Amino acid sequence: MDFYLTALLQGLCFTGIAFGIYISMKIFNIPDITTDGSYTLGGVVTGAMLTQNQPGYIILPAVLLAGALAGALTGIIHTKLKINALLAGILVMTALYSVNLTILGRSNLPLLNQPTLFSVVNLITDINQNSLLVLIGFVLIVTTLIGYLLKTDFGIAMRATGSSEPMIRALGVNTDRMKITGLAIANALTALSGYLIVQLQGFADISMGIGIVILGLGSVIIAETIINWLRITSVWLSLVLVMAGAVIFQFVLAFTLNIGVDANLLKLVTAVFVLIIVGLPRLTGRQA
Amino acid sequence: MIALNNIHKTFNTGKPNEVIAINKLNLQITQGEFVVIVGSNGSGKTTLLNLVAGNILPDAGSITIGGNDVTRFPEYKRSKWIARIFQNPLLGTAADLSIIDNFRLAALRTQSKGLIIGKNEQFKALLRDRIATLNMGLEDKIEQPIGTLSGGQRQALTLLMSVMDTCKILLLDEPTAALDPRSAENVLRIADGLIKEYQLTAILVTHNLKDAGNYGSRIIQMGEGIILKDVAGAEKQNLKQNELYDWFG
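Protein chains in written order, with the numbering used here: chain A, 4 to 291; chain B, 44 to 292.
One chain only, chain B, in its complex shape:
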C-alpha cells in the first residue's frame, strides 16, 4: 500500500544546524497493516509521517501509494488516499465552523468542493446516525461551532470525519498527546475500531509505550532517521511491555 524507497531528508542543508532527519530509509507497508512508530524526540518519526502525508517533500528517493508514484505530490493531492489526525486537536477541525460544516468538507475529501449546497436534510440525517455511534451525545449539536467542544470530543469527531469519504490510509500523529488519560483511551479505541471496520492501513506515531504495546499489528522503532527495530505478526502481539521499555534503555 505504502512504499518508501531510499528516502532521504535533510533540514537546514549546508548550515551549522544541519540535521539528517531521514537517512536512506526503506519501508514497505502492506494493505491493512496498522503500524505503530515509536522513537525518542528527533528520531525522525514525525518527519516520516509528514513525508507520507506530503507536507514535507523528500530530498531523494521515491514514495508510492497503492502503486502510484506520489513523490512530488503536495498534501492536497494525496488526500485522495490519506486522512490525517493531528497531534493538536485544534488543527484537525475548523473551530469557527459548525460540526456539520466540518463533516461536509470531510465527506468531500476526495472530491471537488463545488458551487452547490450539499448540507441537505439527507446529509444531516446521515451525519446524526454516524455521530450517534460515538455515544457522546453530539448528534443533537451538529449546528454548533466545533470550537465549543472539548479536545477529546474534537479528536473523536476528527476520526469519524476521516471515514466520511473513501479512505485507504489513516495517519495518526500522536493523536492523544494533548488529551487527558480517559479521553486518550477513548480516542484510540475509536481509531482502532474504525481501522478494523474500514480495513484501513494506518500509521500511529506515539510516545506512549503502553499504547504502542496494545495497538497495531506491527511496531517500528526509529532512531537518527533510520529504522532500528521492526517487529510484526505474532512477535508483535507477544511483545511484553518491559521489553518495549528496554528498547529505550
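Here chain A stands alone, though its shape is the one from the complex:
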C-alpha cells in the first residue's frame, strides 16, 4: 500500500511538469524540452538554498524565477533568433547542466536534517499522509491559479497564439512576447516539480532530470486521450485530467515494479507505455 502511496505523492509532485508540458505542447504547440534542465534547476536551487537555511518564502519564489528565466531564454532563442524550438530547448537544457552543477557544488546533495516543506507544515503525525495533505493543498492552489489564468483575457490570448498565429497578431498581440511568457510559465511550473520532489525524497541530484520530459508528455497524452474521448472543452476539467494523468503515470510505473519487472528496465517500460497510449487510439480508430 505504501508503495502506491509513494507513487501518488510522486505523481502529485510531477503535476507541475505535466502542466508545464500542457502549456508548451498543447496550448502553444511548441515542443519544449528545456524541461529536463529546468526541473533539475528547480531541484538544485531548492537543495542549495535549504542547506544555506534560507526561509521557505524565499526559496519558492527563487525556484519559480529560476525556472521562468530558463523558459524565457528558450523562448527568446526560439522567437528572436528564429531557431527551431526543439534546438533552442536542447541548447538551454545542455547549458543548464553546468549551471545546475555549479549551483549544487557537487553531483548529489542530501538534505537529511533540513526542515522541508513537508516537515515544517505539520498537519498530522503520519509522515506520508501529512505529505499527501500538503501536496494535495499545494497542487490544488497551483491548479486553481493556472485554471484562472487560462480563463482570463490574457489566457485566451495565450491559447489563441498556439491555435492561429496570424489571427492573434491581427488582433494586436505580440506573439513573440506571448511565447516567451508562455515558456517562462511552463518552465516555472516544471521547476516547481523539482522543488517538490527534492523535498519529498530528501536529496537533490544532478541527474534527477534526465529523461523527465517523458513524464510530462505521458501525463498530457493520457489526459488528452480522455479529453478527446469524452469531448471535454472545460479548461478546469482538462487541468484536473492532466493532474490525474501525472498520477496515473506513476501508478503504472509502481505497478510495473510491483509485479517484479527489473528496475533497470523502467525507462524502457516508460517509453513503451507512452507509445501504447499514443498509438492505441490511432490503431483502434483505423479499424472502426
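Hints were generated in silico from the structure; no laboratory data involved. Since this is a predicted model, take the numbers as computed values, not measurements. Do not rely on the hints blindly, as some may be mistaken.
[Stated by the list, open to error] Derived lysine-lysine pairs resembling BS3-like cross-links, with alpha carbons at most 30 angstroms apart: (1) 29/A to 58/B; (2) 120/B to 85/A; (3) 184/B to 253/B; (4) 83/A to 58/B; (5) 154/A to 279/B; (6) 120/B to 154/A; (7) 253/B to 239/B; (8) 154/A to 58/B; (9) 167/B to 29/A; (10) 184/B to 29/A; (11) 120/B to 83/A; (12) 154/A to 184/B; (13) 279/B to 211/B; (14) 123/B to 83/A.
[What the hints assert, rightly or not] Some chain A residues judged to face chain B by a derived CB distance under 7 angstroms, without partners named: (15) 30; (16) 160; (17) 174; (18) 177.
[What the hints assert, rightly or not] Derived contacts from chain A toward chain B, CB cut-off under 7 angstroms, selection only: (19) 140; (20) 157; (21) 170; (22) 176; (23) 204; (24) 205.
Virtual Cβ for every residue (Gly too), placed ideally from N, Cα, C.
Starting from the known structure of chain A, arrange chain B on it as the hints suggest.
Relative to chain A, chain B alone:
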C-alpha cells in the same frame, strides 16, 4: 486615411529569383472609401495589402494611417486601426477556441489582454445579439469550438469580429476564394453592410471581376508592382462588366 508614399518592395534581393513586388507606388485612400484591387497573379496586390497590414515592411518609402507614420510598425501595433480578413477562413479564427473566446479577443483588439475574466454574462448577452444579426442560428452555439463550423460561417463570424472593437480600416484579402458561390455572396454582402454601417475604410483584394464590379467605391488594377488603372466615383459605378474583362485582355 491611408497614404503610401513611394513604397518599394523587392523580394529575394540580389538573388537570381529577385522580384520587384511593389515599384515606387503612391496611393492615397480617403476615409470611408471602399477600394477594390484587381490584378493578375504576381501583380503585387496581396503584397500591397500586407504592407498596409504590416506583416511585410517596405524597403523604401513611408506609410501613414490617419496621419500617423506607421512605416516601421509591426502588425500587432497597427491593429489599433486595422482589422483583417484572410483568404483562408481557418486563419481568421482560432479553431480550438470557442466562438465566445474568439469574440472576446476580437473585442479587445485595440486593448491589452489583462488578467481579468472578461467573459461575463453581459458580454455573452451582447455577443448573442450581435451574432443573431447574421441570421445563421449561431447565437445559441457560442460555447462551441469555432473549428466545428463551416468555412462560410467562420468567415462571416470573422467579419463580425472585426467590428467588435473600434475599427477604422478593414482589409479583405480574397475573403471568398475558399468558399462556395452562395457562402461567398453572403460573406461579401455582410462585409458591404458592415463597411457602410460602421463607415469603414476598406480594401478588398479579389480575382472575381463580378464582385469587383458590384462592390466598392473605387477600383484599382495592379500590374508588375504599379497601379495600372484607378477608377472612382460615378465612373466606377458605371463601369461595365465587359469593360473590366477588357482590362485583362
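Outcome of the hint check:
no.: 1; hint: 29/A to 58/B; in the structure: violated (39 angstroms)
no.: 2; hint: 120/B to 85/A; in the structure: holds (21 angstroms)
no.: 3; hint: 184/B to 253/B; in the structure: violated (34 angstroms)
no.: 4; hint: 83/A to 58/B; in the structure: holds (25 angstroms)
no.: 5; hint: 154/A to 279/B; in the structure: violated (48 angstroms)
no.: 6; hint: 120/B to 154/A; in the structure: holds (24 angstroms)
no.: 7; hint: 253/B to 239/B; in the structure: holds (20 angstroms)
no.: 8; hint: 154/A to 58/B; in the structure: violated (48 angstroms)
no.: 9; hint: 167/B to 29/A; in the structure: holds (26 angstroms)
no.: 10; hint: 184/B to 29/A; in the structure: holds (24 angstroms)
no.: 11; hint: 120/B to 83/A; in the structure: holds (18 angstroms)
no.: 12; hint: 154/A to 184/B; in the structure: holds (19 angstroms)
no.: 13; hint: 279/B to 211/B; in the structure: holds (23 angstroms)
no.: 14; hint: 123/B to 83/A; in the structure: holds (24 angstroms)
no.: 15; hint: 30; in the structure: violated (9 angstroms)
no.: 16; hint: 160; in the structure: holds (4 angstroms)
no.: 17; hint: 174; in the structure: holds (5 angstroms)
no.: 18; hint: 177; in the structure: holds (5 angstroms)
no.: 19; hint: 140; in the structure: violated (23 angstroms)
no.: 20; hint: 157; in the structure: holds (5 angstroms)
no.: 21; hint: 170; in the structure: holds (6 angstroms)
no.: 22; hint: 176; in the structure: holds (6 angstroms)
no.: 23; hint: 204; in the structure: violated (35 angstroms)
no.: 24; hint: 205; in the structure: violated (37 angstroms)
In this structure, the hints that do not hold are numbers 1, 3, 5, 8, 15, 19, 23 and 24, in rising order.
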